[in-house]
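Participant: One-letter residues, chain by chain:
Number of protein chains: 2
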Amino acid sequence: MYRIKIISIGKNKESWLKTALSEYEKRLTGLMQIQWLLKKKDSDLKKTVLEEKKFHCLDPNGISYTSEGFSKLITQNASITLVIGGALGIDDTIKTKAQSLISLSPLTFTHQHTRLILLEQLYRAIEIHKGSDYHK
Amino acid sequence: MYRIKIISIGKNKESWLKTALSEYEKRLTGLMQIQWLLKKKDSDLKKTVLEEKKFHCLDPNGISYTSEGFSKLITQNASITLVIGGALGIDDTIKTKAQSLISLSPLTFTHQHTRLILLEQLYRAIEIHKGSDYHK
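Protein sequences appear in the order of chains X and S. Per numbering that gives the first Met the number 0, residue 0 is the first one in the first sequence, and the count goes up by one each step. Per numbering that gives the first Met the number 0, residue 0 is the first one in the second sequence, and the count goes up by one each step.
Don't read these hints as lab results, they were simulated from the structure. Please note that the accuracy of each hint is not assured.
FRET-style restraints, in silico, Cβ to Cβ [stated by the list, open to error]:
id : chain 1 : residue 1 : chain 2 : residue 2 : range
1  : S       : S78       : X       : T95       : 39 to 47 Å
2  : X       : Q34       : S       : Y133      : 24 to 32 Å
3  : S       : R2        : X       : S21       : 29 to 37 Å
4  : X       : S99       : S       : T95       : 35 to 43 Å
5  : S       : G29       : X       : G68       : 25 to 33 Å
6  : X       : W35       : S       : L30       : 32 to 40 Å
7  : X       : G61       : S       : K17       : 27 to 35 Å
8  : X       : K17       : S       : S78       : 46 to 54 Å
9  : X       : G130      : S       : A77       : 44 to 52 Å
10 : X       : G68       : S       : T65       : 17 to 25 Å
11 : S       : A77       : X       : K52       : 23 to 31 Å
12 : X       : K94       : S       : G68       : 22 to 30 Å
13 : X       : G85       : S       : N60       : 30 to 38 Å
For clarity, every value in this text was computed on a predicted model and none was experimentally measured. Virtual Cβ for every residue (Gly too), placed ideally from N, Cα, C.
Next comes chain X alone, as it looks inside the complex:
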């Protein structure tokens, strides 16, 4: 089973987001273990991230992936840590220590919405790896 740790800012304020995230987490049961570390402030996020040995940052200026490429990145590792910044993005100190910067899109998304997009891509990554019908 893959283990994904996601470090981010904020709470699930919006109920639709909570529902959507839990739906994808349900689908991932037994396939991928998602651990959310949600911090209140950028300074708390920084402290938590810098305690990790290895991590990737989500950043609009990072490397672009197709869903197939993202699937390879995810399924080549038994465990991976991903960082989603808050409204002000991710601190440079964090970025320079990251294994890589990953771009989900050149568009800017809210960081809450990014969590949903990421979770759907993680589910898609597994389905691509399995060769299922989910990703046509």
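Chain X is fixed; fit chain S onto it per the hints.
Facilitator: Showing chain S alone in chain X's frame:
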């Protein structure tokens, strides 16, 4: 007020999606009028799209935009028609008649999820144009 027509496949099956879409539509009240034309089948979509004089297609192989660039595209036109394909993508006959192909990301999203991402970007487009704090 901007008028956006979105032609797509499917219904709002998932309740979280309904809630999320209606939240952004509420925010857009008075700024942008969103008209959804949701078709049951690809053939119905094709017929409806080809009745339009001008339209853009959302396609992973299309032109990439930053949110700022997308804002310009949207706010330069009083009205615009956007097509989101179904699970099998958009028919080539439709694509060749499109004004342009727009890519939201090289990643593949579900077409239902694409509707939410698009709606958030339309709201963001307006806020960027207004110079508000929404897009930092």
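Participant: Which numbered hints turn out to be false for this structure?
Facilitator: Of the numbered hints, 5, 8, 11 do not hold.
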